[in-house]
Amino acid sequence: MERQNKEEDKKFDIKETQAWKAVFGDLLFGEFKPLSPFNSLMRGIAKIMQLHPYNMSVGGKRIILYTFCLGGLSVFFFTLLACTGAFLMIYYNPDVNSAYANIEDMRYIVPFGVLIRNMHRWTAHLMVLFVALHMLRVFLTAAYKPPRELNWIVGVILLVMTLLASFTGYLLPWDQLAYWGVTIGTSMGENAPLLGAKGPFAILEHGKDVNSILVGGTSVGQPTLLRFYLLHAIAIPLGIAGLMGFHFWRIRRAGGVSGPL
Amino acid sequence: MAELEKESKGNGEVIVRMSEKEWENVKNINVKSDYKEGFETLTPKEQDYTVKHLRDSVGIEFLAGLIFTFIIMVWSLFMNAPLKELANPADTPIDERAPWYFIGLQELLIFFDPWLAGVVLPSILLVGLLILPFIDPHKETGIGRYTFRDRPVAVSAFGFGFAMWYILIIIGQFFRGPARMFYWPWEDKAVLKELPVVEMVTFPIAVGIAFFIIYFGVCVILPKYIFENFYKTLGIIRYYIFMSLCAIMLLIPIKIFLRYVFDVKYILSLQIFNTILNF
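Those protein sequences? They're chains F and C, same order as listed.
Per the working numbering: the first sequence = residues 13 to 273.
Per the working numbering: the second sequence = residues 22 to 300.
Bear in mind the hints are in silico, worked out from the structure with no lab data behind them.
A few of these clues could be false.
[Said to hold, decoys possible] In silico EDC-like pairs for lysine to aspartate or glutamate, Cα to Cα no more than 20 Å straight-line: (1) C/K286 <-> C/E161; (2) C/K286 <-> C/E208; (3) C/K253 <-> C/E161; (4) C/K160 <-> C/D171; (5) F/K210 <-> C/D134; (6) C/K105 <-> C/D116; (7) F/K157 <-> C/D134; (8) C/K276 <-> C/E220; (9) C/K210 <-> C/E117; (10) C/K105 <-> C/E117; (11) C/K214 <-> C/E106; (12) C/K105 <-> F/E161; (13) C/K245 <-> F/D107; (14) C/K276 <-> C/D134; (15) C/K210 <-> F/E161; (16) F/K157 <-> C/D171; (17) C/K286 <-> C/D171; (18) C/K214 <-> C/E117; (19) C/K253 <-> C/D134; (20) C/K160 <-> F/E161; (21) C/K214 <-> C/D284.
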């Protein structure tokens, strides 16, 4: 037995080479080393953010194959969107006469403007996708069951808010795509039963129905742009951030993610 | 963790099971005053708890964030976000479409009236999602692992709805050309298709009402007698809510099928006072 072990030791193992260790070594997959700068950084982040328990008891398999980081990445995308969005706000004015020109300036004049705008747009798509995938993951692992029901409800609200955040941002460039996309979207409100002007059993007139609250008039125009801008840049992000905090706090209260434990 | 709590002595001490080697790794780092030294030696099978912590959670998330930052940067460098010409309320584009995550609803607009497709069906979907933890009768089955065998009904129902939502999005996004006509990927979307001149059928009121009574009878009431155990585990209220939601969900592909195969415009067209309700 001992001889066999020794022979196995001599075999070439890529994980033992210096190159492998330099890239993947202690930082990620190697032996747990408490004093590595990476670990202490991560521990610091975790301590400050309180996102994860300080100690986690994890069963045989890796937690990455359980959550696939979908929720974490959604948070990350939200942060990235907040940063790029703050940058875009500097150059954007929610006025139908100048909004389109602002976007064109961003594309052709503002340094890195096109890159930041592209990042904002693509990250928004990714966030919508990942939030939905996160919901699928949570369902498949039955993480909505007690004691996590409330967190599921908060999560559904967060999903709706993510969709609304993306939808309100869709109008801001004020191009044909935005205008008609939002016209279709908001026209749904017109058809609401009772509360919409065109819906069944309408009790409210055109221009005074539930749709006009969102659009700020009878059709998409300057009031709509301002409303969507305020919703997109202030109300919805604040709501999402607040609910996210609650979402994470509930996860901690429930004893961390639902598994594998 | 549950197993660990069982071992707790109730005086604030927590006993964590781990192998001796792991203890050596952990004791100087993570274990603060709350944790007292001394682990219980257990049978080898039970010693499979490891205390990995941040490397498996924050570290991986950090890495995932880095990877996606890179992906987004590269994507943004090589692909510009769409920007068409200035908005013109007078010029309706022939291919007007909602953003992709709402295109499933726009797809439903082809088959249902706007008040159903845009308001009622999404509301039902949302309510269904919100009350989902309370409809599920098995409060402990399958928590913390991916399993189909232990909860086949829940996973099938949810999977069906989720898949339908995304199939509708894919069809709406990639298979629809001008005027929301269906285009195969190999067909040129620049070529305008003529609207098919087919006289659509609307069932007479009696047939429509009969259809819905039979449909909901088959979908909601019949399973009660076939799957008695299922009915008993759910209980009467949960059962009716769950089966109604499933029946409504199944109605969407049924309507699409009826539209394409039998050119059915409405299954039921009711006039109540001066409002016409079309289903």
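For each hint, the structure was consulted:
1. C/K286 <-> C/E161: violated (45 Å)
2. C/K286 <-> C/E208: violated (26 Å)
3. C/K253 <-> C/E161: holds (17 Å)
4. C/K160 <-> C/D171: Satisfied, since the Cα-Cα distance of roughly 12 Å is no more than 20 Å.
5. F/K210 <-> C/D134: holds (11 Å)
6. C/K105 <-> C/D116: holds (13 Å)
7. F/K157 <-> C/D134: violated (36 Å)
8. C/K276 <-> C/E220: holds (17 Å)
9. C/K210 <-> C/E117: holds (14 Å)
10. C/K105 <-> C/E117: Satisfied, since the Cα-Cα distance of roughly 12 Å is no more than 20 Å.
11. C/K214 <-> C/E106: Roughly 25 Å separates the two Cα atoms, so the pair is violated.
12. C/K105 <-> F/E161: With Cα atoms ~43 Å apart, C/K105 and F/E161 exceed 20 Å; violated.
13. C/K245 <-> F/D107: Answer violated: C/K245 to F/D107 is near 59 Å, above 20 Å.
14. C/K276 <-> C/D134: Satisfied, since the Cα-Cα distance of roughly 12 Å is no more than 20 Å.
15. C/K210 <-> F/E161: violated (46 Å)
16. F/K157 <-> C/D171: holds (14 Å)
17. C/K286 <-> C/D171: With Cα atoms ~41 Å apart, C/K286 and C/D171 exceed 20 Å; violated.
18. C/K214 <-> C/E117: Within the cut-off at roughly 16 Å; holds.
19. C/K253 <-> C/D134: violated (37 Å)
20. C/K160 <-> F/E161: It holds: about 10 Å lies between the C-alpha atoms, which stays within 20 Å.
21. C/K214 <-> C/D284: OK: C/K214 and C/D284 at ~18 Å, within 20 Å.
Comparing the model with each earlier hint shows violations of hints 1, 2, 7, 11, 12, 13, 15, 17 and 19; every other hint is respected.
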